[in-house]
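S.K.: What follows is the residue order along each chain.
There are 2 protein chains.
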Amino acid sequence: MNQARNGKISKEMDIVAKNEQVDVDFIKRGIAKGRIVIPKSNVRDFEKPIGIGEGLFVKINANIGSSKKVCDIQGELEKAQIAVKFGADTIMDLSTGITELDIKTIRDKILKEVKVPLGTVPIYQSALRALDKKGAIIHMDEDDLFNVIEEQAKEGVDFFTIHVGVTKHIVSYLKKHPRMMGITSRGGTFLAAWILENEQENPFNHKYDYLLEMAREHDFTISLGDGMRPGCIFDSTDYVQVHELLEISKLVKRAWQKDVQVIVEGPGHVPAHQIESNIKMQKSLCDGAPFYVLGPLVTDIAPGYDDIVSAIGGVIAGMAGVDYLCYVTPSEHLSLPTKEDVKRGVICSKIAAHAVNIARYGSRATQWDFKMDSARKNLNWEEMIKYSIDPDTSRKIHYRDGHSIDDDGTCSMCGEFCAIKILKKAIEKKK
Amino acid sequence: MNQARNGKISKEMDIVAKNEQVDVDFIKRGIAKGRIVIPKSNVRDFEKPIGIGEGLFVKINANIGSSKKVCDIQGELEKAQIAVKFGADTIMDLSTGITELDIKTIRDKILKEVKVPLGTVPIYQSALRALDKKGAIIHMDEDDLFNVIEEQAKEGVDFFTIHVGVTKHIVSYLKKHPRMMGITSRGGTFLAAWILENEQENPFNHKYDYLLEMAREHDFTISLGDGMRPGCIFDSTDYVQVHELLEISKLVKRAWQKDVQVIVEGPGHVPAHQIESNIKMQKSLCDGAPFYVLGPLVTDIAPGYDDIVSAIGGVIAGMAGVDYLCYVTPSEHLSLPTKEDVKRGVICSKIAAHAVNIARYGSRATQWDFKMDSARKNLNWEEMIKYSIDPDTSRKIHYRDGHSIDDDGTCSMCGEFCAIKILKKAIEKKK
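Each protein sequence line maps, in turn, to chains S and D.
The first sequence begins at 236 in this note's numbering and counts up one residue at a time.
The second sequence begins at 236 in this note's numbering and counts up one residue at a time.
There's no promise every hint is true.
The calculated DSSO-like cross-link candidates involving lysine-lysine, where the alpha carbons are at most 27 Å apart (straight line), are [stated by the list, open to error]:
{"no.": "1", "chain 1": "D", "residue 1": "Lys656", "chain 2": "S", "residue 2": "Lys665"}
{"no.": "2", "chain 1": "D", "residue 1": "Lys664", "chain 2": "D", "residue 2": "Lys621"}
{"no.": "3", "chain 1": "S", "residue 1": "Lys368", "chain 2": "D", "residue 2": "Lys493"}
{"no.": "4", "chain 1": "D", "residue 1": "Lys253", "chain 2": "D", "residue 2": "Lys320"}
{"no.": "5", "chain 1": "D", "residue 1": "Lys574", "chain 2": "S", "residue 2": "Lys621"}
{"no.": "6", "chain 1": "D", "residue 1": "Lys303", "chain 2": "D", "residue 2": "Lys389"}
{"no.": "7", "chain 1": "S", "residue 1": "Lys303", "chain 2": "D", "residue 2": "Lys268"}
{"no.": "8", "chain 1": "D", "residue 1": "Lys368", "chain 2": "D", "residue 2": "Lys411"}
{"no.": "9", "chain 1": "S", "residue 1": "Lys411", "chain 2": "D", "residue 2": "Lys303"}
{"no.": "10", "chain 1": "S", "residue 1": "Lys664", "chain 2": "S", "residue 2": "Lys612"}
{"no.": "11", "chain 1": "D", "residue 1": "Lys664", "chain 2": "S", "residue 2": "Lys303"}
{"no.": "12", "chain 1": "S", "residue 1": "Lys659", "chain 2": "D", "residue 2": "Lys347"}
{"no.": "13", "chain 1": "D", "residue 1": "Lys347", "chain 2": "S", "residue 2": "Lys411"}
{"no.": "14", "chain 1": "S", "residue 1": "Lys410", "chain 2": "D", "residue 2": "Lys664"}
{"no.": "15", "chain 1": "S", "residue 1": "Lys339", "chain 2": "S", "residue 2": "Lys666"}
{"no.": "16", "chain 1": "D", "residue 1": "Lys368", "chain 2": "S", "residue 2": "Lys660"}
{"no.": "17", "chain 1": "D", "residue 1": "Lys665", "chain 2": "S", "residue 2": "Lys368"}
{"no.": "18", "chain 1": "D", "residue 1": "Lys410", "chain 2": "S", "residue 2": "Lys606"}
{"no.": "19", "chain 1": "D", "residue 1": "Lys659", "chain 2": "S", "residue 2": "Lys656"}
{"no.": "20", "chain 1": "S", "residue 1": "Lys574", "chain 2": "D", "residue 2": "Lys350"}
{"no.": "21", "chain 1": "D", "residue 1": "Lys515", "chain 2": "D", "residue 2": "Lys268"}
{"no.": "22", "chain 1": "D", "residue 1": "Lys253", "chain 2": "D", "residue 2": "Lys369"}
{"no.": "23", "chain 1": "D", "residue 1": "Lys656", "chain 2": "S", "residue 2": "Lys403"}
{"no.": "24", "chain 1": "S", "residue 1": "Lys403", "chain 2": "D", "residue 2": "Lys303"}
Derived by calculation from the structure, the hints in this document are not laboratory data.
Quick caveat, the model's predicted, so the values are computed rather than measured.
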């Protein structure tokens, strides 16, 4: 951000401009104003830095990570690789188990082998450390919180979700006026429990300037986490959610004063008719800071299919101006995702992001569809498969009824009643 | 419609009002004005007639049916049963093969064993008859077209998709000004090919009054098919699509003059930013006639995942006022769907319809979510599974990592880092 404000164009800005098909000055101005971020640690090097924000293609993030109940280090690395293969722009490693060494090992592997921006929620490691050394998460002290961030920043983590907006006021309000689902953000809950136990302000909020200095020094991006994101549709757009957003809007401006890149995180479970106003409220309050949403999930009744529920919300959010979608897998609300779930989650999110890009940017985004449609009108199945978002799946479905490439060119849906074929023949005949 | 206009309340209106939690007078007035239809043949009897239209829950349709390449009569019946099990409100049998006897057998079975409204596209049978007796679809004559409708109406088919709006003018325009994907509606293509070959007006359009008399006599609902529905995002909202809608808007009013219930069908492939205007244009031009869409599909790049692409479009369309969603399965654009595809397609569509109902009707639609959320906040997994849209899938995912019901109540996603559990404990402790 400092470079952009000084009129300097970095290598990263150039690459982003080229990939986005926009002028590099547009990128530079966007970064200077805080409306675009390029999350990239100065320790890391990867070929394809990405930009997130106003006027750019919508990006998607895939969460991976172990838990205490399922901890397979190699498996998590493979999930990250699958996610990138199917189009994830960034990875967040949300590992929470079993030990600090496990999650450090997973992170090391990803930093080395997966060449996209990596984010974490560092409080998970702080919590593990407190649990291990002091017997309970709520016994974390400020050092546990800040030291972990510095350690991870030095390793090269590109961006951190930090729940700076979870204040003592919000937590005490929530205690007096419970909502249906309480807090479902893990980082938000750790801090809320800490605030309740210690009767003090959130250390990240209290010492925000220190956090900003650290961010400036190590060149990491702060993703201001929404600890109060609604955990069910009934909690959506309520006092604590909006109050936290107000708090975050102040934190955004303080970050910009120190040339620190920030992203704002948002809901969560939101009924379809409330999504647009949520996005527009954030964009207005936060002066156009990049907005990153988890979902939104438009209904709570579909565990096993929340990848789909989230793709629906993601498109509505994207049409209203969201910049960055966090995927949701079919396992959400049920268990840790498998590799197959990660793949489905990424594909769903990719579809959502692409649908928004078409709506926002027209021909800057539709080349892919054009290739598919050109193949489709010629009934060229091999080309259709090639341009599918998941060629293997397309191939399997198309050929499962025993077609061969030497077939009459129709599929088993219509066979000789193929509309494309019949019309073509009728028009040819009359020429 | 005639009964409603004469102020009579039928048994069907009563049932629909009860299921929709609205006053029966609201239903009666809606039917009288044409804004609500209850598609039900006077030959058939089933327990749960459904209403489609303004102020009612969004309904979903599942298409089943054989093709010449895949014709499994028992299999198609099972698909219809699976669709109803997972929430399809209506079934359309789009069988096209292998022989007239096959498709009649499938229809008979469904009429007897599947107790929801059944629709067909009768021209498919007319085309099969022409192909069999005269060697080519385009040799159909008016008798082939109208006789099949009368035969199927007598059997008890509740509604028919008929492409009355495909006019000679539109077809000749399309011949002169080709669009990317031409026509992908099968019924639309048969009629367009017929018009090109015979250089005459579409018989359904030319003899529309005769069709309306037949509808009145046999009490079937006409679904005015959109033969020009865009087959790719580049053809969306173009001259032929909108011209056909204008034609359809006139046909709606002529039907209402004869007390005939009509539904209007719509696109198709539509980029996300064009959906709202498409729906509002239809609602305005057609004086609020129920609107039935296939998709809409917001991108063309995801064969294998078009159930999801369609759920996204369905919610945006529903928010703008659509009444009735036709499902799309993962096999769309690739092959005839399997039973598993039918299940996925229905679930996707059901999620979309439910998300819209929440947005439109609030607490009239959210009881289901409330039950799920009550179970979720108590970490009651058996209840969560019970209230899932697909309990078997939820159960499989939740328990796959070896949990038992005697577990600590958390899932393998977070384990001991469960936000719900930690916050609850922290609050209890401070009480």
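S.K.: Each of the hints needs a verdict: does it hold here or not?
M.R.: Each hint tested on the structure:
1. D/Lys656 to S/Lys665: Given that 27 Å is the threshold and the Cα spacing comes to 72 Å, the pair is violated.
2. D/Lys664 to D/Lys621: Judged against 27 Å, a Cα distance of about 32 Å means the pair is violated.
3. S/Lys368 to D/Lys493: Not OK: lysine 368 of chain S and lysine 493 of chain D at ~81 Å, beyond 27 Å, violated.
4. D/Lys253 to D/Lys320: Satisfied, since the Cα-Cα distance of roughly 21 Å is no more than 27 Å.
5. D/Lys574 to S/Lys621: holds, 26 Å
6. D/Lys303 to D/Lys389: Given pair lysine 303 of chain D, lysine 389 of chain D holds - Cα atoms ~26 Å apart, limit 27 Å.
7. S/Lys303 to D/Lys268: Violated, at roughly 61 Å.
8. D/Lys368 to D/Lys411: Roughly 32 Å separates the two Cα atoms, so the pair is violated.
9. S/Lys411 to D/Lys303: Roughly 66 Å between the alpha carbons, so the hint for lysine 411 of chain S and lysine 303 of chain D is violated.
10. S/Lys664 to S/Lys612: Status holds; Cα separation ~18 Å.
11. D/Lys664 to S/Lys303: Holds, at roughly 24 Å.
12. S/Lys659 to D/Lys347: This hinted pair is violated, its Cα atoms lying about 39 Å apart.
13. D/Lys347 to S/Lys411: Violated: lysine 347 of chain D and lysine 411 of chain S sit about 58 Å apart, past 27 Å.
14. S/Lys410 to D/Lys664: At roughly 12 Å apart (the allowed maximum being 27 Å), lysine 664 of chain D and lysine 410 of chain S satisfy the hint.
15. S/Lys339 to S/Lys666: Roughly 69 Å between the alpha carbons, so the hint for lysine 339 of chain S and lysine 666 of chain S is violated.
16. D/Lys368 to S/Lys660: holds, 20 Å
17. D/Lys665 to S/Lys368: Holds. Lysine 665 of chain D to lysine 368 of chain S sits at ~24 Å (cutoff 27 Å).
18. D/Lys410 to S/Lys606: holds, 23 Å
19. D/Lys659 to S/Lys656: With a Cα-Cα distance of about 63 Å, the restraint between lysine 659 of chain D and lysine 656 of chain S is violated, given a limit of 27 Å.
20. S/Lys574 to D/Lys350: Distance ~40 Å between lysine 574 of chain S and lysine 350 of chain D Cα, so the pair is violated.
21. D/Lys515 to D/Lys268: Status holds; Cα separation ~18 Å.
22. D/Lys253 to D/Lys369: Not OK: lysine 253 of chain D and lysine 369 of chain D at ~50 Å, beyond 27 Å, violated.
23. D/Lys656 to S/Lys403: Roughly 20 Å between the alpha carbons, so the hint for lysine 656 of chain D and lysine 403 of chain S holds.
24. S/Lys403 to D/Lys303: Distance of about 68 Å is beyond 27 Å: violated.
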